[in-house]
Amino acid sequence: MAEVKKYEEPRIGVFVCHCGTNIAGSIDVKAVMEYARTLPNVAIADDYQYMCSTPGQNKIAEAINEQKLTGVVVAACSPRLHEPTFRNATKAGGLNPFRFEMANIREQNSWVHMHQPEEATAKAKDAVRIAVAKASLLEDLIPKSVPVEKAAMVVGGGVGGMQAALDLASAGIKTYLVEKTPSIGGRMSQLDKTFPTLDCSQCILTPKMVDVYRHEGIELLTYTEVEAVEGYIGNFDVTLRKKARGVITPAEAEARGIVGGGCTGCGDCATVCPVIKPNPFELGMAPRKAIYIYHPQVSPLIYTVDFDSCVKCGLCVEACDTKQAVDLEAKDEFMTVKVGTVILALGYDIFPIEKKFEWGYKNYDNVITSLEFERLICASGPTGGHLIRPSDGATPKKVAFVLCAGSRDNTGVGKPYCSRFCCMYSLKHAHQIIEKIPGVVPYIFYMDIRSFGKMYEEFYYRIQDEGAKFIRGRVANITQDPVTKNLHVNAEDTLLGRPIDMEVDMVVLAAAIEPTAETEKTRRLFGVSCSQDGWLLEAHPKLNPCGTTTAGVYLAGVCQGPKDIPDTVAQAEGAASAASIPIHRGEVELEPYFAVCMEDKCAGCGLCVNQCPYQALSLVEKEGRTVMQVTEAKCKGCGTCGGFCPGGAIWMQHFATPQIIAQIDAFLLGGEQ
Amino acid sequence: MADENWKPKIIAIICNWCSYAGADLAGGARIQYPPDIRAVRVMCTGRIDPLFILKAFQDGADGVLVSGCHFGDCHYLEGNFKAAKRMFLLKSVLKNIGLDDKRLRMTFVSASEGAKWGSVMTDVVKTINELGPSPLKEFAR
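Protein chains in written order, with our numbering: chain A, 1 to 673; chain B, 1 to 141.
Hints are computed from structural coordinates only; laboratory data are not their basis.
Being a predicted model, the structure only gives us computed values, none of them experimental.
Idealized CB from N, CA, C, for every residue including glycine.
Be aware that a few hints might be false.
To be verified - Residues of chain B placed beyond 12 Å of chain A at every Cβ, according to the derived structure:
1) E4
2) G98
3) R105
4) D123
5) N129
6) P135
As the list claims (entries may be wrong) - 27 Å max Cα-Cα, derived BS3-like pairs, lysine-lysine:
7) A:K521 with B:K85
8) A:K542 with B:K116
9) A:K144 with A:K174
10) B:K7 with A:K601
11) A:K601 with B:K55
12) A:K30 with B:K7
13) B:K116 with A:K521
14) A:K634 with B:K55
15) B:K116 with A:K415
To be verified - The following label-pair restraints were derived from C-beta to C-beta distances:
16) A:S145 with B:G98: 18 to 26 Å
17) B:G72 with A:D481: 26 to 34 Å
18) B:K85 with A:D332: 56 to 64 Å
19) A:K634 with B:K85: 16 to 24 Å
20) B:G132 with A:S145: 46 to 54 Å
21) A:R472 with B:K126: 40 to 48 Å
22) B:V93 with A:A330: 50 to 58 Å
Use the sequences and the hints to build the structure in full.
Shown next, in the form of structure tokens:
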């Protein structure tokens with residue numbers, strides 16, 4: 001702080017933006033500008049239609065030169081939007097960019113007081129006065145550059161995470177792909193066909209899985225979870241928990257000195273395993289042994305021991321014989337990796353649709369979810385691709401599809417949002433049963449058919465032509481015939497305006513989706529916000545849909561909000577591009593909002609040391625007395641120490657106590673009393 | 001004291017990551033609320049020295065709002081916890097000096113809660129209007 005250049009007399013330039021009519025529609029911009037001219041320290045005040053335009057920015061640079069300004073205030077939109085723009089304009093005029101202060105008179109004024117022009121104008125004057133007070137006390141600050149680790153991490157190995165990892169690794173960046181289940185592939189590996197092209201899901205997914213597995217730039221960490229995160233953009237230290245798998249790979253076997261050992265995926269162990277459990281990949285509709293592979297096309301092809309159900313009989317160890325791949329004494333292992341940037345591709349879970357008890361899921365045998373339908377219609381599924389009624393194994397002839405099951409639901413039980421892909425996969429389901437079961441009739445109960453994507457509407461027409469029946473109405477309830485186990489679907493046909501009681505053989509609920517159970521924990525580890533519905537919050541919904549408010553952390557796929565496979569892959573490629581930029585640049589600038597100890601005031605009490613969440617503060621001996629010292633690389637600039645220091649000895653750069661007090665005084669004492 | 005033309009002077013000190021972003025979102029959504037509050041932005045509510053708030057009351061503020069992230073959502077891990085503890089203590093100080101502690105309020109508004117920001121604004125203004133001008137006003141300056 002000692003070397004900071006202090007100007008004797010502040011000379012501030014104030015620029016008020018009209019933003020077309022966004023601001024000028026409810027605020028008298030000219031009056032605000034005229035008012036600014038009367039304020040102390042203001043050397044020049046001007047207004048312009050669009051301050052963010054090139055002529056607007058030029059005004060700032062010119063004024064800095066002509067008026068020898070020491071600070072710049074722009075009254076316009078939110079600093080969260082245009083602070084970087086105007087800092088650059090300030091820099092272009094030859095002034096340190098941190099001598100710029102913004103008055104938010106749009107998002108927090110003109111837009112929220114649209115019908116109170118007088119009050120809005122008075123508030124804008126106050127905002128300018130407050131900003132001028134701060135700008136008068138701003139100082140030159142130099143951003144700190146830190147090197148970026150040339151490695152990235154992708155959390156989540158679904159189609160989005162895989163695409164992001166492939167892109168990063170193909171761009172020459174060492175990439176850790178972390179997946180919680182024993183195999184990559186994600187939800188897409190559970191699907192049979194994909195709309196609207198009817199590609200076989202596995203057929204287009206497995207080549208990508210193989211690419212990921214074989215890519216020399218990708219370190220694949222399956223059955224692994226994020227345990228702890230430290231650091232910041234460029235230098236994240238991520239601690240991973242490698243869950244005890246109980247089976248070693250050939251590479252691990254070699255490391256242990258077992259020649260020709262390790263799991264080859266032969267399956268001899270599973271053949272002899274006596275424990276039988278429901279298979280979660282098949283949603284409990286098929287059995288699984290305690291030593292298992294997640295599904296037939298897993299990558300990597302390594303068996304996994306489910307230690308929750310394993311009885312440790314040792315039969316698998318015997319069966320594995322000389323390969324010695326099974327290790328029933330395995331324990332969780334921890335590893336810490338250093339990465340520059342992180343992509344979260346956490347995916348989604350199915351909303352527990354039994355909460356909507358009126359549809360009888362889990363009470364009535366023949367009410368299933370769409371994901372269960374996918375497994376039943378899939379050739380590699382538990383029934384070999386034959387759709388059957390769970391109650392009696394018969395082939396259904398009348399199938400009702402209930403759309404918006406838990407989506408677009410404002411009752412408080414379901415989800416208020418549209419899950420976005422249910423319409424399309426339900427159309428696909430209708431097509432699939434028409435194709436496979438002669439004489440079957442699908443009845444689709446819908447609120448609106450949302451077929452918004454490329455070739456989606458055309459697919460909708462095709463399914464209509466194929467004979468699917470569409471009934472516009474939300475299903476009120478479903479009852480079961482206790483003898484036949486047939487279902488009565490009760491709804492209102494809102495196009496005909498009459499109630500319907502339709503007897504069907506089977507009901508498929510297009511259940512809503514929700515963030516995965518781990519999303520909340522993971523997002524908190526990385527310091528990422530979420531929206532009210534739990535999906536992760538992007539930095540800007542339109543202009544930065546892959547970024548988050550935590551620098552260096554990016555989002556891909558459904559964890560940011562419901563989206564289908566094409567959108568997920570597109571966002572993953574966007575996130576990979578964004579995540580590679582800091583790595584390729586090699587260094588990032590951190591905002592210089594560091595804490596600085598004013599040693600002449602510091603009493604060395606050390607109370608601040610425990611306040612710091614990042615252990616950035618410590619006590620040191622200097623010139624015979626104890627003072628606090630800040631480790632700048634660890635300080636993130638929150639100011640928690642500065643808010644606590646009883647001696648006022650901590651200078652928070654850009655948010656220093658005199659600057660904030662000046663703002664408070666300017667508002668309360670500076671205006672018309 | 002009961003001046004017909006009295007309008008409350010309320011200052012809001014809010015964190016950059018959650019409440020300031022939530023206030024911006026309220027703007028984007030054109031959620032209308034009373035125009036009596038002026039905001040000062042800090043990076044984290046943890047930055048807020050209780051002296052800032054005492055200074056505001058000394059300057060004649062009728063109310064002070066501190067707003068940050070929800071617990072567990074703090075961009076800096078735990079700044080909002082520390083702020084909440086400080087505000088809790090500060091409220092008892094305010095009571096001791098004879099100021100109604102309802103004049104100081106701490107809320108938690110996330111970056112996605114634009115509508116909540118609007119209702120917080122409306123509610124704070126309503127509370128301060130009911131309390132009337134700060135008794136410290138005449139000593140201000």
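Checked hints:
The non-interface label for E4 (chain B) is consistent with chain A: the shortest C-beta to C-beta separation is roughly 16 Å, beyond 12 Å. Distance to chain A confirms G98 (chain B) as a non-interface residue, since its nearest Cβ pair spans about 19 Å, more than 12 Å. Here R105 (chain B) stays apart from chain A, with its beta-carbon at least about 16 Å from theirs, past the 12 Å limit. With a minimum CB-CB distance of about 15 Å to chain A, D123 (chain B) clears the 12 Å threshold, and the non-interface call stands.
With a least CB separation of 14 Å from chain A, N129 (chain B) remains clear of the 12 Å interface cut-off, as annotated. Non-interface status of P135 (chain B) relative to chain A is upheld: no Cβ of that chain comes within 12 Å, the nearest being about 15 Å off. Simply put, K521 (chain A) and K85 (chain B) have alpha-carbon atoms about 24 Å apart, close enough for the 27 Å limit, and the pair holds. Between K542 (chain A) and K116 (chain B) the CA atoms are separated by roughly 22 Å; this keeps the pair inside 27 Å, and the hint holds.
For the suggested pair K144 (chain A) and K174 (chain A), the alpha carbons sit about 25 Å apart, so the restraint of at most 27 Å is met. Distance restraint check for K7 (chain B) and K601 (chain A): the Cα-Cα separation of roughly 40 Å exceeds the 27 Å cut-off, and the hinted pair is therefore not satisfied. Restraint check for K601 (chain A) and K55 (chain B): the C-alpha separation of about 21 Å stays at or below 27 Å, so the hint holds. As the CA atoms of K30 (chain A) and K7 (chain B) are separated by approximately 24 Å, the hinted pair is consistent with the 27 Å bound.
A C-alpha spacing of about 24 Å is found between K116 (chain B) and K521 (chain A), which places the hinted pair at or below 27 Å, so the restraint holds. Pair hint K634 (chain A) plus K55 (chain B) does not hold up; C-alpha atoms about 31 Å apart against a cutoff of 27 Å. The suggested pairing of K116 (chain B) with K415 (chain A) holds, with an alpha-carbon distance near 19 Å, which does not exceed 27 Å. Taking 18 to 26 Å as the suggested C-beta distance range, the pair S145 (chain A) and G98 (chain B) does not conform, at roughly 52 Å.
As the Cβ distance of G72 (chain B) to D481 (chain A) is approximately 48 Å, the hint placing it in 26 to 34 Å is violated. Between K85 (chain B) and D332 (chain A) the beta carbon distance is about 36 Å. The supplied range of 56 to 64 Å is therefore violated. Separation of K634 (chain A) from K85 (chain B) is about 23 Å and conforms to the stated range, judged on CB atoms against 16 to 24 Å. At about 53 Å, the beta-carbon gap between G132 (chain B) and S145 (chain A) stays in the expected band of 46 to 54 Å.
For the hinted restraint 40 to 48 Å between R472 (chain A) and K126 (chain B), the CB-CB distance of approximately 44 Å keeps it satisfied. For V93 (chain B) and A330 (chain A), the Cβ-Cβ distance of about 57 Å falls inside the hinted range of 50 to 58 Å, so the restraint holds.
Checked against the numbered hints given earlier, this structure breaks hints 10, 14, 16, 17, 18; the rest are met.
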